[in-house]
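Visitor: Taking the hints as your guide, dock the two standalone chains into a single complex.
Chains R and V supply the protein sequences, listed in that same order. 1 is the number of the first residue of the first sequence in my numbering; add one for each residue after it. 1 is the number of the first residue of the second sequence in my numbering; add one for each residue after it.
Keep in mind that the hints were calculated from the coordinates and are not lab data. Possibly wrong hints are sitting among the right ones.
Dumping the calculated DSS-like pairs for lysine-lysine here, alpha-carbon to alpha-carbon at most 25 Å [what the hints assert, rightly or not]:
| # | chain 1 | residue 1 | chain 2 | residue 2 |
| --- | --- | --- | --- | --- |
| 1 | V | Lys228 | R | Lys403 |
| 2 | V | Lys110 | R | Lys438 |
| 3 | V | Lys228 | V | Lys20 |
| 4 | R | Lys403 | V | Lys241 |
| 5 | R | Lys337 | R | Lys229 |
| 6 | V | Lys110 | R | Lys403 |
Predicted model, so just to flag it, every value in this text is computed and none were measured.
Here's the letter readout for the chains.
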Amino acid sequence: MSTVLSPATGLSGIVDHGAASGSSGAPWVRSLRAAALDAHRELGVPTTRHEEWKYTPLRRLVERDWAAGEPGPAVFQRELPRYDEGSIRIVLVNGRFDRNLSETEARSPHWVARSLRDAVTEDDAVVREWLGQVGPKTTQAVGREITPDSHTFAELNTATFEDGLFLHITGDVAALIEIVHVATGDGQAFAPRVLVVAEEGARARIVETYVTDGEGATFTYPVTEVVVKEGANLEHVRVQDEGAEAFHIANWQTTQAAGSEYHSFNVCYGAGLARVDQGIWLDGQATVTRLDGVVCAGGDQHIDNHTRLDHAQPNSNSFEVYKQIVDDRATVVFNGKIFVHQDAQKTDAKQTNQALLLSPTATIDSKPQLEIFADDVKCTHGATVGQLEDLPLFYMRSRGVPKDQAEAVLVYAFAAEVLELITHVGLRQALERRLYEKLGVDLGA
Amino acid sequence: MLQIANLHAKVAEDEREILKGLTLSVKPGEVHAIMGPNGSGKSTLANVIAGRETYEVTDGAVTLDGEDLLEMEPDERAHKGVFLAFQYPVEIPGVSNTYFLRAALNARRKANGEDEMDALAFMKHIREKVKTLGLTDDMLSRSVNEGFSGGEKKRNEIFQMAVLEPRLCVLDETDSGLDIDALQTVAHGVNALRSPDRAFIVVTHYQRLLNFIVPDFVHVLMDGRLVKSGGKELALELEAKGYGWLEAEVGATA
Ligand SMILES: Nc1ncnc2c1ncn2[C@@H]1O[C@H](COP(=O)(O)OP(=O)(O)OP(=O)(O)O)[C@@H](O)[C@H]1O
Ligand SMILES: [Mg+2]
Chain R
1 MSTVLSPATG
11 LSGIVDHGAA
21 SGSSGAPWVR
31 SLRAAALDAH
41 RELGVPTTRH
51 EEWKYTPLRR
61 LVERDWAAGE
71 PGPAVFQREL
81 PRYDEGSIRI
91 VLVNGRFDRN
101 LSETEARSPH
111 WVARSLRDAV
121 TEDDAVVREW
131 LGQVGPKTTQ
141 AVGREITPDS
151 HTFAELNTAT
161 FEDGLFLHIT
171 GDVAALIEIV
181 HVATGDGQAF
191 APRVLVVAEE
201 GARARIVETY
211 VTDGEGATFT
221 YPVTEVVVKE
231 GANLEHVRVQ
241 DEGAEAFHIA
251 NWQTTQAAGS
261 EYHSFNVCYG
271 AGLARVDQGI
281 WLDGQATVTR
291 LDGVVCAGGD
301 QHIDNHTRLD
311 HAQPNSNSFE
321 VYKQIVDDRA
331 TVVFNGKIFV
341 HQDAQKTDAK
351 QTNQALLLSP
361 TATIDSKPQL
371 EIFADDVKCT
381 HGATVGQLED
391 LPLFYMRSRG
401 VPKDQAEAVL
411 VYAFAAEVLE
421 LITHVGLRQA
431 LERRLYEKLG
441 VDLGA
Chain V
1 MLQIANLHAK
11 VAEDEREILK
21 GLTLSVKPGE
31 VHAIMGPNGS
41 GKSTLANVIA
51 GRETYEVTDG
61 AVTLDGEDLL
71 EMEPDERAHK
81 GVFLAFQYPV
91 EIPGVSNTYF
101 LRAALNARRK
111 ANGEDEMDAL
121 AFMKHIREKV
131 KTLGLTDDML
141 SRSVNEGFSG
151 GEKKRNEIFQ
161 MAVLEPRLCV
171 LDETDSGLDI
181 DALQTVAHGV
191 NALRSPDRAF
201 IVVTHYQRLL
211 NFIVPDFVHV
221 LMDGRLVKSG
231 GKELALELEA
241 KGYGWLEAEV
251 GATA
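Here chain V stands alone, though its shape is the one from the complex (with noise of 0.2 Å):
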């Protein structure tokens, strides 16, 4: 479904390479998650997917389906099927929740020339997950994220997901910043969306949350490269030994 091949990345007006040489090859049905020291690059690399224009791709290729993805506007991926929940969801004062979503919603239906959404139709879709993710209906008439607290922006964008039933779902630390309860219940809205055709890219720093989302690989994005791989063990691993004895091997095969 997705396939990245030697990606080359950096920010738009800068010189210095956040990405260099990234290649990953995701399939149907299949969740990756993606650990990495702070600073490696997996928010860039996430944002790179969504089509954010602050960076710059120099080299390489993305493709979802065969189609180049890096000729399209972030509009048209989400039309594709790529979502990106955000490692900092955003505020948007005087939108409201549900007017963005069905606008969304309905702007895709529209790309893909289904009929759109009328507020009641919405709100029918949405009610059954609202409940899921233990949204209140406070949250959904007020602001995009305004005054949302971390945790209940989390919960949103997994909430908007869910809603949006992307076939690509992107992840970047949705984890970061929950409590127990909250980290289950978010654990709980992406299983809940795991099906053969749709796939996952889970960027996080804790082992914790692949016990609830199980992974089928595991990646190590060190310095803008993936530079290990392997099965969920590998982030047990991870857990134990931190990546200093990664930049070791690393570092001895470069």
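Pulled out of the complex, with its shape left as it was, chain R reads as follows (with noise of 0.2 Å):
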């Protein structure tokens, strides 16, 4: 009974040009490569019988043959999004920063954006202390062991990326940042690599977007990792809406230090199978956490979402709600891992789920999962599944809002708990507008 698909799979492509290309570079990072790449040699590509990957079958994603992604285009087929004329655009093409879509020259002294491959060449000692080390430690339980998740597409990410971006937060920037992750190219593979770094008291907005530019099936296996350091805040909106064809499996670490605040929103409406794997280390005491999901699946979208809070210290919140919306023969996959380790007394953490299924063949299969260790703490958890009311949408239409308009509106509603908490308008009503559009209805004005 193998959890791992073999032999060889459609990802050595990419795994051969890993191991040929990460012999440069410092040491460290070297050597940071080839664990990973030996780590993801190891790891193989899980199967369904893998209890984290039960319900999200990679077949589809193996039987291709990937080649390593190549640069990409210097024009685009679409509109790259940008939801504020004022804010601070960072666009990385196929992985790659790209600096004549970038912004790069700063205009406060708060914030340093900068291509990660040329961050590690110059070994800057930031990158150094962070890059590849965020996300859970090992503890000690009464009478077990709490240890870190193993992420194979991580790791291949590690072993694999060409360059990346380094966003370096020292104070406060006012402007919103946008980070576009732009795929394109039929049959290639991408690893955008992102290091986010927040200084201590550091405050900023940031929101990546993940599109796919033109035709074709493109893999993604993105890396963002988050440091927060005490007392500084961070809003962090992820939008992945890559086109129907797309594969993207994400990985999204961040650790937070004491006293600092982190709202994290991850927005699914795109990719034919998707998958993250969001981690949040709280790592000090007093810390304010948001991790917050809206997904919405139609036609033969598979979109999983695997959270994992990890409450390592005493008297920190957390809220997490998750608005799933799934139509059609779409299927969406939700597990929501919270541990609160032994010391983390006073414990405040809450999690809701919610999905409203609009077909009789959509599909939705979600787990809470709380591992508490400390004696003294309010945990809770809700998950629920429905559908669109009867009545609300009759009142609706009795007073003259058509039906599809009407079901729109109530699906909104629905996620509009998650989407209103998201403070740049701009940003919010872009997401918005772009719901009802995958909902199939132009709302006029």
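Guide: Below you can see the structure in the form of structure tokens.
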């Protein structure tokens, strides 16, 4: 009974490429990459017999032969997303930092955005300290050990990434920071890598958007690492809106220090098959965390989100709300783990996940998973699965609102509880418009 | 304007008939009051007129200006001028009152080939009505009926009616649960809408409302049929005697 797809799969082209190119750079990078390559090779590509991949078969992914992604074009068929004319925009094309499309001259002394490849080549001390280091640590708990999860695609990213973004936030950044990831090229695989370090007391709003350009299947396996230091405050919106043929398997890790706030939003609209593993490691007291998600899947989409929150220190609050809309033959998976470690007394953790099924052939698999090793804590979770209610729909229609629009409004209202928490108005409205678009309703003005 | 002939209706997945051959004719400008015991079918009638899919019409006809109403979707009926003020107004979390109302108004305008109203024109259109019905700005920006008190919900129904200016207004127990002042406010809102080309069907349990909204006809609905009709004095008689004597009367003729 193997939990790994074997023998060598459609990913071997990428792995070999990583093995060949991983031998440059400072010794620490080389050993980081070599260890990651070994880890990926050992972990392989999981089958659905693997507990963490039970509902997400990867057969369709490994059936194809993927080539290591080439650099992308300078012009695109589509318009790249932009939520705010006054924002700081960084564009990564096929995982590579694009100097022409990105703003690199800092307008204020409070931030630096640069190519991760350059930062690694120049052996930047902050990058050296944090790259590949963000995530849970092993701790001892009553009678057992709490260990980090393995992430075979994160390892693959570490072993193979070409470039990426290093974003260093050292003060209060007023402008929205937009990071746009564009992937293009049929049959190609990309490993965008982002490292965000917010220094003590820093403040910023970031939105990362993943899109594809043109026809064809792409495979994107990004890793984003976020370090939120003492008293820093970050709002981080992640939008995955890739094309219907795309595969997207992401790892997103955050470490929060004492007194920090991190509000994260995982917005999943796109890709044929998408999986995000998001982890937040609460490594200081008195932190506040939001870990919210909005998922809208239709057609034959398969969207899987695994979240993991580690309360490792006392006196921290976390709130997690997932709103998931599933239509047509789509499948949505949600797994929400919360670990309250032995030291994490006075933890207050609240998790809610709700799904709205809009068609009889839509599927949702959700699993909350609370593991509590401290005794003085408040932890709650709730999950609901429902359909659009008949009465509000009739009420709206009886006032003249057409059926499609009434349905879309009700579905939107369902998701709004999360979208409304996004503080940047332009961004929030763009995500709302996109949701209506996905629901097939043109609201006019 | 509205013709209901021999209407039979039941709950879709149920066998038992609720409306058992109901006939009613409403002309423009008229106000018809419908009274009757709990469970006699008043709300069912109101919902059938508005097009609620829970109910299945098994026989009979309902027409509005000669057009078959039963063939129309609920939103189409609204576009033709039908309005139902719900006995239990529905809460819609996450949808603001003004957004909802403007969407409703514009959907009807669009269906009738009129221009849509922008947010500014809309605010102008509703300003006067907001005042008349004593609504607060807060109630306008809040989610539809969410957290509204019983009386606020009813006032909101009449407010929506005033904004949408329907031709056939069906009020299902809009007076229930209102305090004396609110009752007057609501009645005033309704009376302000009375006009020669608009008709009302007012379902109520209390003669009191009919002091404020004076009906042209009062009908008694019992066990799925209109068993007695008369002028506004019938309401006083019912108030004094209850429904028992009618049961005997109907029973005797059945
Ligand atoms: N959706 C439904 N499902 C099952 N039974 C129903 C439904 N709607 C109405 N009924 C039944 O039909 C009958 C008539 O109900 P209706 O609500 O029309 O009465 P009503 O005259 O409005 O009463 P009230 O004065 O209490 O408002 C009742 O026996 C009720 O239980
Ligand atoms: Mg009733």
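Visitor: Determine for every hint whether it applies to the structure shown.
Guide: Verification of the hints:
no., hint, in the structure
1, V/Lys228 - R/Lys403, "violated (38 Å)"
2, V/Lys110 - R/Lys438, "holds (23 Å)"
3, V/Lys228 - V/Lys20, "holds (15 Å)"
4, R/Lys403 - V/Lys241, "violated (45 Å)"
5, R/Lys337 - R/Lys229, "holds (23 Å)"
6, V/Lys110 - R/Lys403, "holds (15 Å)"
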